[in-house]
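With the hints as a guide, dock the two chains, each given alone in a separate frame, to form the complex.
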Amino acid sequence: MIQLKNIEKVYRTDTVETQALNNISLQVEKGEFLSIMGPSGCGKSTLLNLMGLLDAPSKGDVIIDSQQTLQLNDRKLAHFRNSKIGFIFQSYHLINDLQVVDNVELPLLYRNSSAKERRTLALEALEKVGLSNRVKHFPTQLSGGQKQRVAIARAIVGKPEIILADEPTGNLDSAMGNEIMNILLELNRIDGTTIVMVTHDPNMAQRTHRLLRLFDGSQVQ
Amino acid sequence: MLKNYFKIAIAVLKRRKFFTFISLFGISLTLTILIVLTAFLDVLTSPAYPDVNRSKELFINRIVLKSNKENYTSQSPASFYFVNNFVSKMKTPEKIAIHTGRNTTNAYQNNKKMEVELMHTNVSFWEVYQFEFVEGKAFNAQDLENAAQVAVISADTRSKYFGEGALALGKYVEANNIKYRVIGVVKSAPATMIYANSDIYLPYTLAKSGLKGTSLMGEYMVTLLARSTADLPLIKEEYSQLLKKVPHPEKNQEILLSYPDSYLESFTREIFGKGEGSGKDRFFLMIGIFVFLFMLLPTINLVNINVSRIMERSSEIGVRKAFGASSSTLVGQFIVENMILTILGGILGVLLSLLVIFVLNSSNLISHMNLTINLTVLGYSLLACLVFGLMSGVYPAWRMSKLNVVTALKANN
Ligand SMILES: Nc1ncnc2c1ncn2[C@@H]1O[C@H](COP(=O)(O)OP(=O)(O)O)[C@@H](O)[C@H]1O
Ligand SMILES: [Mg+2]
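Each protein sequence line maps, in turn, to chains A and B.
Heads up: take any position in the first sequence, counting from 1, add 769, and you land on this note's numbering.
Heads up: take any position in the second sequence, counting from 1, add 681, and you land on this note's numbering.
Isolated chain B, as found in the complex (with noise of 0.2 Å):
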């Protein structure tokens, strides 16, 4: 039986070359789209090099600080009394990381300016973080305690400042005036790794500002590494316990609130949180919504040139409903022609999909990002094929099933 359906689609595809092509050019572009999107929002989220325990990760990159009038709400990332004297306190985690976020300055190397990004970091955030060492190793805790100059820089930064090829270890590179010596070089971050990358990484002891003081405000983020993650909600309640603890005596500033994030959350509280609330489920639903649309399209394109072709085939509607066809198996018929024609735009899309990648990868718009389809990517992909497919198909076939069969062997031949 479905050899038969899948020869008589093939003849119709074959018959109206235009309109199969419209079709399967609106189901593979928009399947290719999604595709690369979905490749990408993969490649932001999913765990990958350095950041290989993403999912026992939590993430605490600000601070709120509000008045009890509503008036007046100020947040940044906290500040390095926050972080030192409140969260490396807290005993759920197995490791803390610490670090600032990217500044850029300028170095110089023989007279030549170029543009690098630093970052200061303590000892375990290269615990945390499993950077691969080409050079060297990770500044240790006593070069953090002396505040010794060292640096461990990238390998993207060590080509670009002491040229292709050299080797970096035990030279110094000179960044805002100050000679660091080089101890180590790490393989280069993606810059999609929006918090573990940059060019240089200093021990926060060689910060010049903001290790004095007890604001809250400044400019640290942490990383909390969980043992495993059934201990993340722990992590969770400990730092909220936390929060309540930290003494914040100002006027307008009553209210203090900060959450250790997923990594997914950390983005979705910038964009969509209100109140306590993560936005990651608004974050899902807007995915959801734009999809649905943007599905839409090629589907209503499709519905329409099914319900078109009602009239060109009723003389064949007409004969299998004479010859025995009931109409929910003529609605069967035809939804499978219509998943034959969806599935093959859907290996188009894929087809498609690749080589998008495979361009966008080798064209390296954004260092290191190697974006790929991975398997729930694709499998997504196929689901959203058979949606399609019975979207566009159960209307059209409905409205031909209905068709009379005196009336369907009339309208033609």
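Just chain A, with the same shape it has in the complex (with noise of 0.2 Å):
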């Protein structure tokens, strides 16, 4: 599903230069949830970022889906993000202009869907990560946990077959935190999506299928 090839990443400042990633290759095949761990700053948001197409590589191959994606426009990468992959972050960045079901809605925005489709299918996605009750709430409202579900309701409204979490449940205690991994393992288990998570919580990585170490850019094995 999400193919690496000898993965550099360099991020040039005018004072340093800081190898971020270094000769990373990976295969994370359909269907499956891999857990990345590592110490802060060795390279885990970076790697999760190439794999969401979020960022090009210095050097190497991104291939998703069977399709390499290094020469796509920025259109052609917006369609590809739009249709195949849903983010969730660690501060969740949900719009807090927006009531939590627009937040839920705001893929669907930018792809061909009316805007009736675009509702039913928010309420369905919050309806999974068990917020139908909240859905005329603001961000701000909403407890972290609660903003957190918001984030997965979004991430997974379009039915994207593949999500990209950077430590979800960071900012979580260890009970937010594990509905919010009985989510995702749900997500997993029941339709198939294949996850890629960055956390630092052992547990929770000892629950997917697979670990990825890394530390200071490269792989541990």
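If you are wondering where the hints come from, they were derived from the structure by calculation, not from laboratory data.
Ideal Cβ placement from N, Cα and C applies to all residues, glycine included.
Nothing false has been slipped in among the hints.
Derived list of chain B stretches under chain A, where covered just means 3 residues or more per stretch with a C-beta under 8 Å from a C-beta of chain A:
id : segment
1  : 688-694
2  : 997-1005
3  : 1076-1090
Laid out in structure tokens, this is it:
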């Protein structure tokens, strides 16, 4: 499903050059639940961003669903992300000016679907994460766990084959974190969604199919 | 999609109340000033009582005599001689109105002194200008020929002279120590009718001077009424041919210039005209430049506000991009948002203009002037709004859309 080949990522600023990723090769199978662990600053987010086509590698190939992605232009990349990938961020990144349901509908705005369709799908997704009773709330009126569940609803509303989650439980206490983890596991088990998740919590990592360890931009075996 | 843009736009505007206020204030104030100014221009230039035929009219307000050596120029309205012996012989115009400028004199009523303006006209004047007679009628060819001591006065003058609500027909007005019998009272022309408005209109044969002699310079102006607008160029041509036959043998007066101008040209020639040009193009260029500079201020203000909003909304930008918005889609969104803001400002501006115009009209600052927002002005205002929205939205939107997703997502939260 996701294939990385000899990935390098170098960040250049005026003063320093950071080698964030160093010769990473990796294959994630369809329906697999992969977790990534490693100390802070080792390149986990960078790796996830490359898989999500939010950033381009300095070297190497990113192949998703058998499609070479490097030569895609902005519009094609946007379309690709929209149809194939859902993101979940540590800090939720909900749009505070919009109601929960409008936040969830967001990915559908960028495809051809009617307002009615969007609403139906958004309510369905919210139902799945157990937030049917918070549809008209604004993000600021929700707890951290609820916000993250809205974010998950947004990530799954377009029924993507891949979900990329960057420390989705990082800001939550363990009870809430567990709830989120259960939702992700269920998504993977029932819908067969391929999930890649960055986490600091070994207990969470243990519940996934496979664990990838990073250290200083390199894979540790 | 548009509905969603609208939702977020309103939410953002609500959240940033102060900036919203400043932007709306800037836009609506600018528009108000533009709308009121154009309304003024409109009332000054478009056909209106009593000059309803303006689109079929040409005006001769002055003649210019120059020496070959460019060291002597004089200009003034034409003489009666010029108007009577040459202009009134023209064949193409349907009617030729002749009148003097306004002369201010004193009038007395019961030993009370008041200032009134006199204008001497011919009979065609009353056919070219469509005055509405509230009493009596205009003087006719007979009156003119006999130099009958008759006058047409304006309704305002009637009130001033005879008292509010009094009738004037057959009564006498005394001006310049001469008594004139009132044979007609017309609804007053607005002060903005620069050529046709006066307090008292007299047959030109009553003029004490200016009727004799062969000097070309005098105090007469001409309004040529064409049968149709198609005749206007023909009239201009006939007039230029006619000029060639006018003798001006005096030394230093070798060149005689005069043009029948459209109403607007008759002003722009005064202010901007050079040589043969009427100055109309320069006039519109100046207006264009003025409007552009005038609109630049609120636009720059909006651009600033929008750019400063970029960082604040970077999380939103990042999320939208991550979930499939392309850069061009985002540009579209932000431009639409900005349009919504400027259109709101536009609506406010139109409302504010209506208020200002209402106040101006009811304050009677300029007598009988009736400013209106006409559809053309409204159309241009809306166009100005769109231009506003685009000018102030495009650059910030472009900046926003170029934001790198990862950076955008990192910037806050
Ligand atoms: N935009 C950037 N510019 C420069 N350096 C960056 C940028 N993003 C990340 N880095 C650097 O790359 C390394 C990996 O970052 P990241 O992938 O965010 O680590 P992690 O998610 O594992 O904590 C870090 O050293 C970080 O400082
Ligand atoms: Mg990270």
